Amino acid sequence: DAKTTQPTSMDCAEGRAANLPCNHSTISGNEYVYWYRQIHSQGPQYIIHGLKNNETNEMASLIITEDRKSSTLILPHATLRDTAVYYCIVRAYNAGNMLTFGGGTRLMVKP
Amino acid sequence: NAGVTQTPKFQVLKTGQSMTLQCAQDMNHNSMYWYRQDPGMGLRLIYYSASEGTTDKGEVPNGYNVSRLNKREFSLRLESAAPSQTSVYFCASSERTGLNEQFFGPGTRLTVL
Numbered sequence: 001d002a003k004t005t006q007p008t009s010m011d012c013a014e015g016r017a018a019n020l021p022c023n024h025s026t027i028s029g030n031e032y033v034y035w036y037r038q039i040h041s042q043g044p045q046y047i048i049h050g051l052k053n054n055e056t057n058e059m060a061s062l063i064i065t066e067d068r069k070s071s072t073l074i075l076p077h078a079t080l081r082d083t084a085v086y087y088c089i090v091r092a093y094n095a096g097n098m099l100t101f102g103g104g105t106r107l108m109v110k111p
Numbered sequence: 001n002a003g004v005t006q007t008p009k010f011q012v013l014k015t016g017q018s019m020t021l022q023c024a025q026d027m028n029h030n031s032m033y034w035y036r037q038d039p040g041m042g043l044r045l046i047y048y049s050a051s052e053g054t055t056d057k058g059e060v061p062n063g064y065n066v067s068r069l070n071k072r073e074f075s076l077r078l079e080s081a082a083p084s085q086t087s088v089y090f091c092a093s094s095e096r097t098g099l100n101e102q103f104f105g106p107g108t109r110l111t112v113l
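The listed protein sequences correspond, in order, to chains A and B. In terms of this note's numbering, the first sequence has 59 at position 59, counting the first letter as 1, and numbering is strictly consecutive. In terms of this note's numbering, the second sequence has 1 at position 1, counting the first letter as 1, and numbering is strictly consecutive.
The shape of chain A in the complex, shown without the other chains (with noise of 0.2 Å):
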């Protein structure tokens, strides 16, 4: 899996658009760029992924640079209920069966 890095923390408005920035400048070709979140004393939720064009779902938009060094995961309306720590992950289809979870972003969401 390649290596990334995040922001330690982060804070946004309730309301507002939360965007989160993930550094991967060492990604493969075939490897895909994964988010999950982790709320508070609950499981890991898996969010979006992408390869190299932008992708959005009922949760979230992915955007991914052009040369795929790096991405941003965008909540269009922050909610309280988005408070959690965010996790970017890069690996192929297929790696494997054990999802590798760095420290991620604690983003906090303040009314």
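You may find that some hints are simply not true.
Stated by the list, open to error - Okay, derived cross-link-like pairs now, EDC-like style, lysine to aspartate or glutamate, Cα gap no bigger than 20 Å in a straight line:
hint : chain 1 : residue 1 : chain 2 : residue 2
1    : B       : 9         : B       : 38
2    : A       : 69        : A       : 55
3    : A       : 3         : B       : 101
4    : B       : 57        : B       : 95
5    : A       : 52        : B       : 101
6    : B       : 57        : B       : 38
FYI, nobody ran anything at the bench for these hints, they're computed from the structure. Only a predicted model underlies this, so the values are computations on that prediction, with no experimental measurement involved.
The hints should help you fit chain B onto chain A, whose structure is shown.
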């Protein structure tokens, strides 16, 4: 759909006691996983089941056994609990083995005294 469910939510054991953690999924997924998460640390894979009838060791299998009862259910057994097994245990599932989109249950918080 309930997704992935786990029972119990909390459990306290004494050293040497045994117990089974239950996990079920209703997404018709082929693969299921057991992870543990220690305070302030990441997930570590204990065992996984690629499909009904198969199980394989993960990163930290010692002290645990598993049973893939059917396609829906995957249980984790501690035969003789030790304080080092105090942790939060998460069950997860995916459509098939190796996929990175895994869906997790709410966890079982286990304390071994």
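Are the Cα atoms of residue 3(A) and residue 101(B) separated by 20 Å or less? holds (19 Å)
Does the structure keep residue 57(B) and residue 38(B) at a Cα separation of 20 Å or less? holds (19 Å)
For the pair we were handed, residue 57(B) and residue 95(B), check the Cα-Cα distance against 20 Å. holds (19 Å)
Holds or violated: residue 9(B) and residue 38(B), Cα atoms, limit 20 Å. Within the cut-off at roughly 16 Å; holds.
Pairwise hint evaluation, residue 101(B) against residue 52(A), where the allowed Cα distance is 20 Å at most: holds (17 Å)
With a cut-off of 20 Å on the C-alpha distance, tell me whether residue 69(A) and residue 55(A) pass. It holds: about 16 Å lies between the C-alpha atoms, which stays within 20 Å.
In this structure, every one of the numbered hints holds.
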